[in-house]
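Residue numbers (the numbering used here), protein chains in the order written: chain A, 1 to 288; chain B, 1 to 288; chain C, 1 to 288; chain D, 1 to 288.
What the hints contain is simulated information worked out from the structure, not anything from laboratory work. Accuracy of the hints is not assured; some may be wrong.
In silico lysine-lysine, DSSO-like type, Cα no more than 30 Å apart, as pairs [to be verified]:
| no. | chain 1 | residue 1 | chain 2 | residue 2 |
| --- | --- | --- | --- | --- |
| 1 | C | K256 | B | K256 |
| 2 | B | K283 | D | K256 |
| 3 | B | K288 | D | K207 |
| 4 | C | K47 | C | K84 |
| 5 | C | K146 | C | K93 |
| 6 | A | K288 | D | K152 |
| 7 | B | K100 | C | K93 |
| 8 | A | K256 | D | K256 |
| 9 | B | K152 | A | K18 |
| 10 | A | K256 | A | K207 |
| 11 | D | K100 | A | K256 |
| 12 | D | K288 | C | K281 |
| 13 | A | K84 | B | K47 |
| 14 | D | K186 | D | K84 |
| 15 | B | K288 | A | K283 |
| 16 | A | K18 | B | K18 |
| 17 | B | K146 | B | K186 |
| 18 | D | K256 | D | K167 |
| 19 | C | K281 | C | K93 |
| 20 | B | K283 | A | K288 |
| 21 | D | K256 | A | K100 |
| 22 | D | K283 | A | K288 |
| 23 | C | K100 | B | K93 |
| 24 | B | K167 | B | K152 |
| 25 | A | K167 | A | K186 |
| 26 | B | K84 | A | K288 |
| 27 | B | K167 | B | K288 |
Derived coverage of chain A by chain B (criterion: at least 3 residues anywhere in the stretch with Cβ under 8 Å from a Cβ of chain B; other residues may be distant) [stated by the list, open to error]:
| no. | segment |
| --- | --- |
| 28 | 10-22 |
| 29 | 26-34 |
Where a beta carbon is used, it is the ideal one built from N, C-alpha and C, also for glycine.
There are 4 protein chains.
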Amino acid sequence: METNNVTAILRVSCPDRKGLISRVTDFIQRNEGNIVALDQYTDRLEKHFFMRVEWELEGFAISREEIAPAFEYAIANPCEMQWKLDFSDERLKMCIMVSKLSHCIYDLLARWRSGELDVEIPIIIGNHEEMRVVADQFGIPFHLLKITKENKAEMEAEQMRLLEENKIDFIVLARYMQILSEDFIKAYPERIINIHHSTLPAFVGAKPYHQAYERGVKLIGATGHYVTADLDAGPIIEQDVIRVTHIDTPATMVEKGKDVEKIVLSRAVEAHIARRTLVYKNKTIIFK
Amino acid sequence: METNNVTAILRVSCPDRKGLISRVTDFIQRNEGNIVALDQYTDRLEKHFFMRVEWELEGFAISREEIAPAFEYAIANPCEMQWKLDFSDERLKMCIMVSKLSHCIYDLLARWRSGELDVEIPIIIGNHEEMRVVADQFGIPFHLLKITKENKAEMEAEQMRLLEENKIDFIVLARYMQILSEDFIKAYPERIINIHHSTLPAFVGAKPYHQAYERGVKLIGATGHYVTADLDAGPIIEQDVIRVTHIDTPATMVEKGKDVEKIVLSRAVEAHIARRTLVYKNKTIIFK
Amino acid sequence: METNNVTAILRVSCPDRKGLISRVTDFIQRNEGNIVALDQYTDRLEKHFFMRVEWELEGFAISREEIAPAFEYAIANPCEMQWKLDFSDERLKMCIMVSKLSHCIYDLLARWRSGELDVEIPIIIGNHEEMRVVADQFGIPFHLLKITKENKAEMEAEQMRLLEENKIDFIVLARYMQILSEDFIKAYPERIINIHHSTLPAFVGAKPYHQAYERGVKLIGATGHYVTADLDAGPIIEQDVIRVTHIDTPATMVEKGKDVEKIVLSRAVEAHIARRTLVYKNKTIIFK
Amino acid sequence: METNNVTAILRVSCPDRKGLISRVTDFIQRNEGNIVALDQYTDRLEKHFFMRVEWELEGFAISREEIAPAFEYAIANPCEMQWKLDFSDERLKMCIMVSKLSHCIYDLLARWRSGELDVEIPIIIGNHEEMRVVADQFGIPFHLLKITKENKAEMEAEQMRLLEENKIDFIVLARYMQILSEDFIKAYPERIINIHHSTLPAFVGAKPYHQAYERGVKLIGATGHYVTADLDAGPIIEQDVIRVTHIDTPATMVEKGKDVEKIVLSRAVEAHIARRTLVYKNKTIIFK
Chain A
1 METNNVTAIL RVSCPDRKGL ISRVTDFIQR NEGNIVALDQ YTDRLEKHFF MRVEWELEGF
61 AISREEIAPA FEYAIANPCE MQWKLDFSDE RLKMCIMVSK LSHCIYDLLA RWRSGELDVE
121 IPIIIGNHEE MRVVADQFGI PFHLLKITKE NKAEMEAEQM RLLEENKIDF IVLARYMQIL
181 SEDFIKAYPE RIINIHHSTL PAFVGAKPYH QAYERGVKLI GATGHYVTAD LDAGPIIEQD
241 VIRVTHIDTP ATMVEKGKDV EKIVLSRAVE AHIARRTLVY KNKTIIFK
Chain B
1 METNNVTAIL RVSCPDRKGL ISRVTDFIQR NEGNIVALDQ YTDRLEKHFF MRVEWELEGF
61 AISREEIAPA FEYAIANPCE MQWKLDFSDE RLKMCIMVSK LSHCIYDLLA RWRSGELDVE
121 IPIIIGNHEE MRVVADQFGI PFHLLKITKE NKAEMEAEQM RLLEENKIDF IVLARYMQIL
181 SEDFIKAYPE RIINIHHSTL PAFVGAKPYH QAYERGVKLI GATGHYVTAD LDAGPIIEQD
241 VIRVTHIDTP ATMVEKGKDV EKIVLSRAVE AHIARRTLVY KNKTIIFK
Chain C
1 METNNVTAIL RVSCPDRKGL ISRVTDFIQR NEGNIVALDQ YTDRLEKHFF MRVEWELEGF
61 AISREEIAPA FEYAIANPCE MQWKLDFSDE RLKMCIMVSK LSHCIYDLLA RWRSGELDVE
121 IPIIIGNHEE MRVVADQFGI PFHLLKITKE NKAEMEAEQM RLLEENKIDF IVLARYMQIL
181 SEDFIKAYPE RIINIHHSTL PAFVGAKPYH QAYERGVKLI GATGHYVTAD LDAGPIIEQD
241 VIRVTHIDTP ATMVEKGKDV EKIVLSRAVE AHIARRTLVY KNKTIIFK
Chain D
1 METNNVTAIL RVSCPDRKGL ISRVTDFIQR NEGNIVALDQ YTDRLEKHFF MRVEWELEGF
61 AISREEIAPA FEYAIANPCE MQWKLDFSDE RLKMCIMVSK LSHCIYDLLA RWRSGELDVE
121 IPIIIGNHEE MRVVADQFGI PFHLLKITKE NKAEMEAEQM RLLEENKIDF IVLARYMQIL
181 SEDFIKAYPE RIINIHHSTL PAFVGAKPYH QAYERGVKLI GATGHYVTAD LDAGPIIEQD
241 VIRVTHIDTP ATMVEKGKDV EKIVLSRAVE AHIARRTLVY KNKTIIFK
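Take these sequences, add in the hints, and give me the full structure.
Here it is in structure tokens:
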């Protein structure tokens, strides 16, 4: 999509039936909307329909506030749709959580600073001191919450307070080496993006590069996924790989892997920000 | 698309205007058609609209023969559309033209034999004797037409006679090392697919691997494209690359390149057969 | 390596110590050998040394038969080396084992016919009738040994009889959908190459594309590996991936995966034939 | 290579002859050197030999200062070698030159800060004001030298003064949108690394993404290369690509291309810093 006008972005899913595309596009056309992007997909095995459509608000016959109720009444309810409506001028508020490694957070902040990532970043939360200097470089408040076995519940409570206080829309775990509690995860469903340093489901859990080294693989990779209560088992947004050889050690894999981790994470975040993702049964549909 | 039923496949392009998707899908829906695939795209720089939609014929209210006139009258003419209508049970007739190298023709024929490529292959035309044995292995008539400077016009006339006699729909140049005449090319517009052994526009013309070696590149590749009167300048369908290093010579590049050539050519042919391509201003839109 | 002369190919491994490269290359140089390729590698974690060196036989001061004893006495024994000596004019005898799918066997046979794979293929063994037609196309004897739960031991005995009778050097499982017995595997250590249709260790066992679909991955791949008694856990020779999207079903993954399977398997076989592989502690060193 | 000890790194090239590897490794071994990496290559078409060998200084029988004269006398002169000797504890001094775009400079500085790039960066030179803020973030002096048609010679003189004053070893053009003069280039032979936003030799010169869009390519890429007096024609160090589709515009290609540009440039810089590059006849040998 390329337009400088504000757009409405509608994502829907529902049981498949005839005429769904026609009904939705007709709703937009009759109200003088100019569609700038449309992507749809029918899961034939699940008999389920998915669609993302984006149209310019300028000239649209229904006011911004009235679109949701109008759509709900005319189409969503009769078709038993799950749906989300967003507007392209609503900038999401993103919180980065981080431990000691800088490659992912630097890549995110450099993209944010240059305008590649169209978000607000009100806060960065670290469980180690190391990344404060990076937050400082970009003028973003850094909150250090050191987590130990003893204080974990307390620290999470403080994290959640900060997230609420700053009206955070979604969280990016930029190599945050802590497992979040189920309660935390449930509070941000499909709104926590993690980067795992393997092509899941290979090498779940700790030290995936060491596992990869032990297995003697010829490719290593990274996976950007939404976090669910199941460790490293949430819906995958993006994956990529790079070659390694017998010469590589766990240490060189860690270094090489950084490039693919940061690129994969940033692509996953971009897809989320552009409202191009939709989760269904632990899979992520990525609209174009 | 995955359906066992016969489908209608409609590809359209026209100047962009509001409501095009709605009009086309409404035409299908009102006539009880079940859409199994839809992809559309608007070129915002050219203000031009492109769409491919596929629906099941079973249960469609308009008979197969009446769809084209009905669509033309109701939508295509008022919207100034260029359009093509095909049916999934119409198997295209493909002619392979070849010189001495076997990797591309073997890959095509192996896919054809296993059912991956849903086409008929009535004839293979060679300008050398070498590939007769391959044609024989797969029981396809092989026509040897040795081209020299002196007999080129005569041989092309014979080629075109064979193509017409066998009602060939499209031609695949599977490393056919001859330049076709403008008249030949004009007779098969957007119906001749060539594989060039470089990532065009790099290394146009003869011996691209030798050119690549001379330039010291770190990637070599291949390009599947429709043939136009401009040598190696037709609309690109598919491209891919593989890594080379300083160790590679022109000879090892020739060997390594074979893998990427055959895969790229077969992907291009598959896109053409599935009616997923549409050429506009020397570019190829590849519908999903 | 590019030379038209016959070469000696020496692969060695031993505990690391100073001067190993110098000792081996000095042995060759003092005897007037012209080195055409050398690759070495030290595993610093295991403190183990690996090397492959290839030199022209023409002009070498030691006769072909005397090289092994001379090298053993002068260098291999004092340095506690494991080693193999081969000559480039010794064509390996390869047996292809296959079930019903044709893409891998076609790719291997097309390469063999064109001279890309410099091997002999005395026999093809199938446990189904389907691939007999492919063997026939290329004029290679096809042996049908239908395996059932009841006759498995008997059939394997017959397979091994055929392998011995035909002096088979190594076996390629080109989508052979049977698990070999431990005895069979032990008879051909590091001499059975399998293609598994996932990037191991992800999706071990049956129906990896269905597992990949269930998990919602964005990449599928293939792994060429030496077979060991541990199912899908042998030393990896080569891996590669291709992208899939939410649109893909198990059926389309099966189709797309064929390209990467056949390329990965052929690359693994090429590395084995060129004596560029060396297995150490369940990993495969791939010399360049 | 992985060792914590200081190493000597020797790169040599010379006309090919028998016994070169043996002579060099023997020199190291006789002096009690422990080789930690060795890579060699013979260009059979040019009959030229290339080698990189790295060994630990600790325990080496020749003092650091005496290695060069000893090697020159014993081996380099008799073998007519071109050669360079470096030590791993000599940190190179790198100058970044930049215009308005931040993705490449951010990637370089983030790697430098995290220790991935083991260099000193005494200065950054910009021909626009925009990147001062990035230099400031990382505490590196930023020199603004605005170049116009009129003042180009003067500004280059000032650039070269700064480079000399800061004892710069090599220069990275991180999307520096100015053409350097021949005199400047000659002063830093094989010591200026540029990133060009296409897979050279495709799309030389200005606006390669616009050229790529016009041609309708399916892959875009980037090339890291040493700068020579021939524009975009210097020895290639690294290249990579990413996929685009018919949907992409010049503007989206510019965005997508940033990822591949920064990764390719950083890999090229890493190879240079690790002394793994060697230029011969306008090609770059990349030792492993």
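Against the structure, the hints:
In summary, the hint linking C/K256 to B/K256 is supported, as the alpha carbons are separated by about 21 Å, within the 30 Å threshold. Straight-line distance between C-alpha atoms of B/K283 and D/K256 comes to about 20 Å, which keeps the hinted pair within the 30 Å bound. The straight-line distance between the Cα atoms of B/K288 and D/K207 is roughly 29 Å, inside the 30 Å bound, and the hint therefore holds. Between C/K47 and C/K84 the alpha-carbon distance is near 20 Å, which keeps this suggested pair within the 30 Å criterion.
A C-alpha spacing of about 23 Å is found between C/K146 and C/K93, which places the hinted pair at or below 30 Å, so the restraint holds. Only pairs whose Cα atoms come within 30 Å are accepted, and A/K288 paired with D/K152 is rejected, the gap being roughly 45 Å. Only pairs whose Cα atoms come within 30 Å are accepted, and B/K100 paired with C/K93 is accepted, the gap being roughly 27 Å. As the CA atoms of A/K256 and D/K256 are separated by approximately 21 Å, the hinted pair is consistent with the 30 Å bound.
A threshold of 30 Å between alpha carbons decides the hint, and for B/K152 with A/K18 the separation of about 55 Å lies outside it, so the pair is violated. The straight-line distance between the Cα atoms of A/K256 and A/K207 is roughly 15 Å, inside the 30 Å bound, and the hint therefore holds. Straight-line distance between C-alpha atoms of D/K100 and A/K256 comes to about 28 Å, which keeps the hinted pair within the 30 Å bound. About 23 Å separates the Cα atoms of D/K288 and C/K281, which keeps this hinted pair within 30 Å; it holds.
Restraint check for A/K84 and B/K47: satisfied, since their Cα atoms lie roughly 29 Å apart, inside the 30 Å limit. Between D/K186 and D/K84 the alpha-carbon distance is near 19 Å, which keeps this suggested pair within the 30 Å criterion. For a cut-off of 30 Å, the pair hint linking B/K288 to A/K283 stands: about 20 Å separates their Cα positions. For a cut-off of 30 Å, the pair hint linking A/K18 to B/K18 stands: about 23 Å separates their Cα positions.
This hinted pair checks out: B/K146 and B/K186 have alpha carbons roughly 22 Å apart, not beyond 30 Å. Restraint check for D/K256 and D/K167: the C-alpha separation of about 36 Å exceeds 30 Å, so the hint is violated. Under the criterion of a C-alpha separation no larger than 30 Å, the hint pairing C/K281 with C/K93 is consistent with the structure, at around 26 Å. The hinted pair formed by B/K283 and A/K288 meets the criterion: a straight-line CA distance of about 20 Å does not exceed 30 Å.
Restraint check for D/K256 and A/K100: satisfied, since their Cα atoms lie roughly 28 Å apart, inside the 30 Å limit. Of the pairs offered as hints, the one joining D/K283 and A/K288 is violated, with about 39 Å between alpha carbons and a cut-off of 30 Å exceeded. Between C/K100 and B/K93 the CA atoms are separated by roughly 27 Å; this keeps the pair inside 30 Å, and the hint holds. The suggested pairing of B/K167 with B/K152 holds, with an alpha-carbon distance near 22 Å, which does not exceed 30 Å.
For the suggested pair A/K167 and A/K186, the alpha carbons sit about 16 Å apart, so the restraint of at most 30 Å is met. Of the pairs offered as hints, the one joining B/K84 and A/K288 holds, with about 25 Å between alpha carbons and a cut-off of 30 Å not exceeded. Restraint check for B/K167 and B/K288: satisfied, since their Cα atoms lie roughly 28 Å apart, inside the 30 Å limit. Only when three residues or more bring their CB closer than 8 Å to a CB of chain B does the claim for the segment 10-22 of chain A stand; here the count is 4, and the claim holds.
Three residues within the 8 Å Cβ limit are the bar, and the segment 26-34 of chain A against chain B gives 6, so the coverage statement holds.
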